[in-house]
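Chemist: Sequence:
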Amino acid sequence: MIIFAYVAVGLFMCLGALYLIWLGQKQAQEEAVSKRLAIAGVKTLELTGKDWLTIQLERAGISLQATHRRMIGLGFGVLLLLVALQFGILASVLLAVTLLLFTWAAISTIYQRRMSQIVTQLPRLLDQVVRMMRTGKTLADSFIIATKEADEPLKTVMLKLQRNISLGMSIPEAFTDLADTYALKELQVLALGVSVNSRFGGSLIDLLNNIITLIQQREQLQRQLRAFTGETRASAVILSALPLLIGAFMLISNPDYIYQMIDDPTGKLVLMGAAGMQAAGMLVLWKMLRSV
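Its first residue numbered 1, the sequence shown is counted upward by one per residue in the numbering used here.
Where hints are given, some of them may not hold.
With beta-carbon atoms standing in for the labels, derived distance ranges [unchecked claim]: (1) F228 to D151: 26 to 32 Å; (2) I238 to T138: 50 to 56 Å; (3) I62 to F87: 38 to 44 Å.
Okay, derived cross-link-like pairs now, DSBU-like style, lysine-lysine, Cα gap no bigger than 35 Å in a straight line [said to hold, decoys possible]: (4) K137 to K185; (5) K137 to K160; (6) K287 to K160; (7) K137 to K148; (8) K185 to K160; (9) K268 to K287; (10) K185 to K155; (11) K287 to K185; (12) K185 to K148.
Hints are computed from structural coordinates only; laboratory data are not their basis.
Each residue gets a CB set at the ideal place from its N, CA and C atoms; glycine is no exception.
Work out the full structure, taking the sequences as your base and the hints as a guide.
Modeler: Here is the structure:
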């Protein structure tokens, strides 16, 4: 029975490989068509519709093509199937949940760090835009010039804005699309200000100066809040890590005790309950810190 299961896994991998080869040939044909259109002077428009995973990866600055994502998904499925055949369905489910939570936490951490860098760099870029506009340049030209001197990751974000404008979007639409993509409050305020100014008029230079002041004050308040809540965050980390460290110490010092609990049905229920309460406690602490 196990042999047939492994044969089924091999056939599944072969079908996945054939599917990826077909996708590669299709992508090569699309690239050849795009090159011929570029030689003829015709620009290919990008599709605006994006799935949830693509948006999350773009926010985090992770460049991962659809073919690569399918390859990772195929390998992930084969790994879970092998674990299920070897150790059971419960172990496969636990492994899947652990990998998904770890991946989501890693992407969220990268996204938060990237957005923090963007917020820090944004006032300097807006100040350069204001200086350019005082010399008589338009808003779009000012952003294009300021983007050339911007640092990463803000430069990549502004290049997306520049590309949308070159593809025919109006300036308010381009700013709104940028704010919706990255879900950053500072970009949302900037997009709202540009949209209101485009519809009702007013001094755009004064508006940008007010946004610069707002971003700087908000960033200063966030730094003060992190300083005031440093003890609380340290306590939350210690309380979350302490049960895990105790469990690791017990496993190293007396592994037979843990193995007896694993072999016993009641011990398994106790360990599963402890793991569930540990996860719930970490979630509650995380929610409390987020609400501060």
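Chemist: For every hint, state whether the structure bears it out.
Modeler: Here's how the hints hold up against the structure:
no., hint, verdict
1, F228 to D151: 26 to 32 Å, "29 Å, holds"
2, I238 to T138: 50 to 56 Å, "54 Å, holds"
3, I62 to F87: 38 to 44 Å, "31 Å, violated"
4, K137 to K185, "27 Å, holds"
5, K137 to K160, "20 Å, holds"
6, K287 to K160, "33 Å, holds"
7, K137 to K148, "16 Å, holds"
8, K185 to K160, "18 Å, holds"
9, K268 to K287, "28 Å, holds"
10, K185 to K155, "18 Å, holds"
11, K287 to K185, "20 Å, holds"
12, K185 to K148, "24 Å, holds"
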